[in-house]
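Number of protein chains: 2
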Amino acid sequence: MARLTLTDDDAKVRKWFADEVQKLGCSLSVDQMGNMFARQSGSMKSSAPMIAMGSHLDTQPRGGRYDGILGVMAALEVLRTMKENNFKTSYDVGIVNWTNEEGARFPKSMCSSGVWAGAIPIQMAWDLRDIHDSTVTLRSELERHGYLGEIACSNDATTGFPLGAHFELHIEQGPILQETGRSIGIVQGAQGYRWLTITVQGKDAHTGTTPLSARHDAMLAASKMIVASNAIAKQHDALASTGIIRVPSNASTNTLPSDVTFTLDIRHPRDSTVQAVQEECLKAFATISSEDGKGVSFNWTMDTDSPAVKFDQGCVESIKAAADHLVGPEKSMYMTSGAGHDTVYTSKHCPSAMIFVPCRDGVSHHPTEYCTPEDW
Amino acid sequence: MARLTLTDDDAKVRKWFADEVQKLGCSLSVDQMGNMFARQSGSMKSSAPMIAMGSHLDTQPRGGRYDGILGVMAALEVLRTMKENNFKTSYDVGIVNWTNEEGARFPKSMCSSGVWAGAIPIQMAWDLRDIHDSTVTLRSELERHGYLGEIACSNDATTGFPLGAHFELHIEQGPILQETGRSIGIVQGAQGYRWLTITVQGKDAHTGTTPLSARHDAMLAASKMIVASNAIAKQHDALASTGIIRVPSNASTNTLPSDVTFTLDIRHPRDSTVQAVQEECLKAFATISSEDGKGVSFNWTMDTDSPAVKFDQGCVESIKAAADHLVGPEKSMYMTSGAGHDTVYTSKHCPSAMIFVPCRDGVSHHPTEYCTPEDW
Numbered sequence: 001m002a003r004l005t006l007t008d009d010d011a012k013v014r015k016w017f018a019d020e021v022q023k024l025g026c027s028l029s030v031d032q033m034g035n036m037f038a039r040q041s042g043s044m045k046s047s048a049p050m051i052a053m054g055s056h057l058d059t060q061p062r063g064g065r066y067d068g069i070l071g072v073m074a075a076l077e078v079l080r081t082m083k084e085n086n087f088k089t090s091y092d093v094g095i096v097n098w099t100n101e102e103g104a105r106f107p108k109s110m111c112s113s114g115v116w117a118g119a120i121p122i123q124m125a126w127d128l129r130d131i132h133d134s135t136v137t138l139r140s141e142l143e144r145h146g147y148l149g150e151i152a153c154s155n156d157a158t159t160g161f162p163l164g165a166h167f168e169l170h171i172e173q174g175p176i177l178q179e180t181g182r183s184i185g186i187v188q189g190a191q192g193y194r195w196l197t198i199t200v201q202g203k204d205a206h207t208g209t210t211p212l213s214a215r216h217d218a219m220l221a222a223s224k225m226i227v228a229s230n231a232i233a234k235q236h237d238a239l240a241s242t243g244i245i246r247v248p249s250n251a252s253t254n255t256l257p258s259d260v261t262f263t264l265d266i267r268h269p270r271d272s273t274v275q276a277v278q279e280e281c282l283k284a285f286a287t288i289s290s291e292d293g294k295g296v297s298f299n300w301t302m303d304t305d306s307p308a309v310k311f312d313q314g315c316v317e318s319i320k321a322a323a324d325h326l327v328g329p330e331k332s333m334y335m336t337s338g339a340g341h342d343t344v345y346t347s348k349h350c351p352s353a354m355i356f357v358p359c360r361d362g363v364s365h366h367p368t369e370y371c372t373p374e375d376w
Numbered sequence: 001m002a003r004l005t006l007t008d009d010d011a012k013v014r015k016w017f018a019d020e021v022q023k024l025g026c027s028l029s030v031d032q033m034g035n036m037f038a039r040q041s042g043s044m045k046s047s048a049p050m051i052a053m054g055s056h057l058d059t060q061p062r063g064g065r066y067d068g069i070l071g072v073m074a075a076l077e078v079l080r081t082m083k084e085n086n087f088k089t090s091y092d093v094g095i096v097n098w099t100n101e102e103g104a105r106f107p108k109s110m111c112s113s114g115v116w117a118g119a120i121p122i123q124m125a126w127d128l129r130d131i132h133d134s135t136v137t138l139r140s141e142l143e144r145h146g147y148l149g150e151i152a153c154s155n156d157a158t159t160g161f162p163l164g165a166h167f168e169l170h171i172e173q174g175p176i177l178q179e180t181g182r183s184i185g186i187v188q189g190a191q192g193y194r195w196l197t198i199t200v201q202g203k204d205a206h207t208g209t210t211p212l213s214a215r216h217d218a219m220l221a222a223s224k225m226i227v228a229s230n231a232i233a234k235q236h237d238a239l240a241s242t243g244i245i246r247v248p249s250n251a252s253t254n255t256l257p258s259d260v261t262f263t264l265d266i267r268h269p270r271d272s273t274v275q276a277v278q279e280e281c282l283k284a285f286a287t288i289s290s291e292d293g294k295g296v297s298f299n300w301t302m303d304t305d306s307p308a309v310k311f312d313q314g315c316v317e318s319i320k321a322a323a324d325h326l327v328g329p330e331k332s333m334y335m336t337s338g339a340g341h342d343t344v345y346t347s348k349h350c351p352s353a354m355i356f357v358p359c360r361d362g363v364s365h366h367p368t369e370y371c372t373p374e375d376w
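As they're listed, the protein sequences go chains F and X. Residue numbering for the first sequence follows the UniProt record's numbering, beginning at 1 and increasing consecutively. Residue numbering for the second sequence follows the UniProt record's numbering, beginning at 1 and increasing consecutively.
Hints in this document: simulated from the structure, not taken from any laboratory. Don't take every hint at face value.
The list treats identical chains as interchangeable, and a pair is accepted whether it falls inside one copy or across any two copies.
[As the list claims (entries may be wrong)] Here are the simulated DSS-like cross-link-like pairs (lysine-lysine), alpha carbons at most 27 Å apart as the crow flies:
#, residue 1, residue 2
1, K348, K320
2, K23, K83
3, K203, K234
4, K88, K23
5, K283, K234
6, K83, K348
7, K331, K23
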């Protein structure tokens, strides 16, 4: 599945979504970030904000058919089932399709729930440029497809589209449910994470003429740092990962690189543990810097600091009760989301929680992503 | 200094070199690889091959003023000093300027001494393409500048230009002489070395949703392998170095890379030690592959296998005697060359050896490369 946000394909699925919810009798509102709110009136004719089931229809460039999509499809199925059974909720319920959750085309993930939550300035979001064509902005694409709505992208009760609650069903994107034989994950919150970039400064040198004792070996030091960060994370039951490593472009087999840059992604459900892992890593890096040859130096920047999020206890317990009823307590488990989701932003302004379903081998962001019909 | 082989700048210095040696009364021969042989007749009028002092006038794109150049300049200074003092050797002596030693423009280092020694086929050398402009070959540049000589590029006594011996003065390109306070290195041979490329196959996975225990973490395994190869080399008093490391271009901070590729350069003056280090590394890599999470796999290729070279004992001892006379035994030392040089090829066909002089901080292939006048 390749449906980058606000492409012609995305416009097509938005049109389809609009038709489907209107067939069900929903009213449809679009805000200034193109977020689509389908609202099914309850029997009470109350002005209370609707209870939303939300996720996103956009995908990664080489994504799967479940990430995001399943949450919207499941919500649609809920409304269809209600209609088929002539069931009406007391208060309004509905569906949200959040724009540009992936951040794959316009590089800001959970972009429009972020604007809605007041965490991302709308101008900044509008100004995001297509990573492959800088003449195209997110706003110009909203305009081209007619999705620059009139409602403010906000949870403000008068100008925006406030929500009474937000539930998001999503594939786990990890292997835990499958490996433990559970079918529902009751998501209590999202891990805190920090993204660091570390640059190790050594000195380029001929690999044949420079004794080990005379080296400022940035490659060796960076390797030791990656190994150390993994060991430290393990001790804390946290995660530490290096996704990118770079040597200068003139690197060669017989020249020690002058410097090595790598990323470090640290995660744990508790912010204090993320902090502890970071501190221990930096301390270990300092030790490693003087361990071999003539030593190296290093510097680091923190590129992202995303504190842990706790979801609403009431929402979490309502999911727990439903899971117990549906699959029994032995087939569900409490979890913490390892990745970011729109619900992380909605949780700042309305009671929110998430439901995880298994995905095969934990694979996501890939065409082989799969969730069985039984599980969804 | 930027004087890539067979550029207009190289043609200029070749013209200058030809003028200088002809002023000294040398005859000049050019072979089919553009190697320049300046020959000063001895008093004996013998047909014995000349004793050569050789090195190269080409440089790296961002090189220094000593690597190669010093060997040719020193040889010229020897002939000038002989002339100024009306000194004539018994047999012929002379200078060689070897073409494309660096391999920086046409990617084959020690290219033309290699052809001369019969180790590199001339057609392959002629067909080498300019790394920045594939329409240009080494042969087309030899022709353009008039350096496609008529003599065979060979040590054959009738068709080529055989040498009676080959001495090469060169900066050390390492820190040993400076650190031990010596001014002359008597080079007994060149290290053996092997270049391996290792590819670690893991599995891309989300850094936030994939527990350490579920990972196929190629980055962690590659880092451990680099650390292990250094430790193993250290035990053998050998060298192990990683100059290049690569992750797929779609790598990101929050995705474990599917695979990691790195180079491994192993060196030691004894081939058996190079072999032992390689074997221990591959054994360690196999252990590392199953150490973490769900493991990784790896494969490797050997890209270069350059056995150790021993220089001629007579040449080595004549350098030792001269060094003792000039600076005293406490200021010279026996050494093994860590890098490749034209003399490695000449040594296969005529008695050869090298003289190292210190270079500041071991820096070479860099504009700050420096050797004091006292040392050269």
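Handout entry: Status of K23 relative to K88 across identical chains (alpha carbons, at most 27 Å)
Key = Within one copy only: 16 Å inside a chain, 106 Å across chains, cut-off 27 Å.
Handout entry: Homo-oligomer pair classification [K234, K283; C-alpha up to 27 Å]
Key = both (16 Å within a copy, 25 Å between copies)
Exercise for the section: Measure nothing new, just compare the shortest in-copy and cross-copy C-alpha distances for K203 and K234 to 27 Å and report within, between, both or neither. Expected result: Only across copies: K203 and K234 sit 19 Å apart there, 31 Å inside one copy, limit 27 Å.
Exercise for the section: At 27 Å max between alpha carbons, let me know whether K23 reaches K83 within a copy, between copies, both or neither. Expected result: within (10 Å within a copy, 104 Å between copies)
Handout entry: Identical-chain pair category, K83 with K348, by Cα at 27 Å
Key = This pair counts as neither: shortest intra-copy Cα distance 31 Å, inter-copy 89 Å.
Problem - K331 and K23: within-copy, between-copy, both or neither at 27 Å Cα - result: Neither way: K331 and K23 sit 35 Å apart in one copy and 94 Å across, limit 27 Å.
Problem - K348 and K320: within-copy, between-copy, both or neither at 27 Å Cα - result: within (21 Å within a copy, 79 Å between copies)
This entry does not satisfy hints 6 and 7, going by the numbered hints stated previously.
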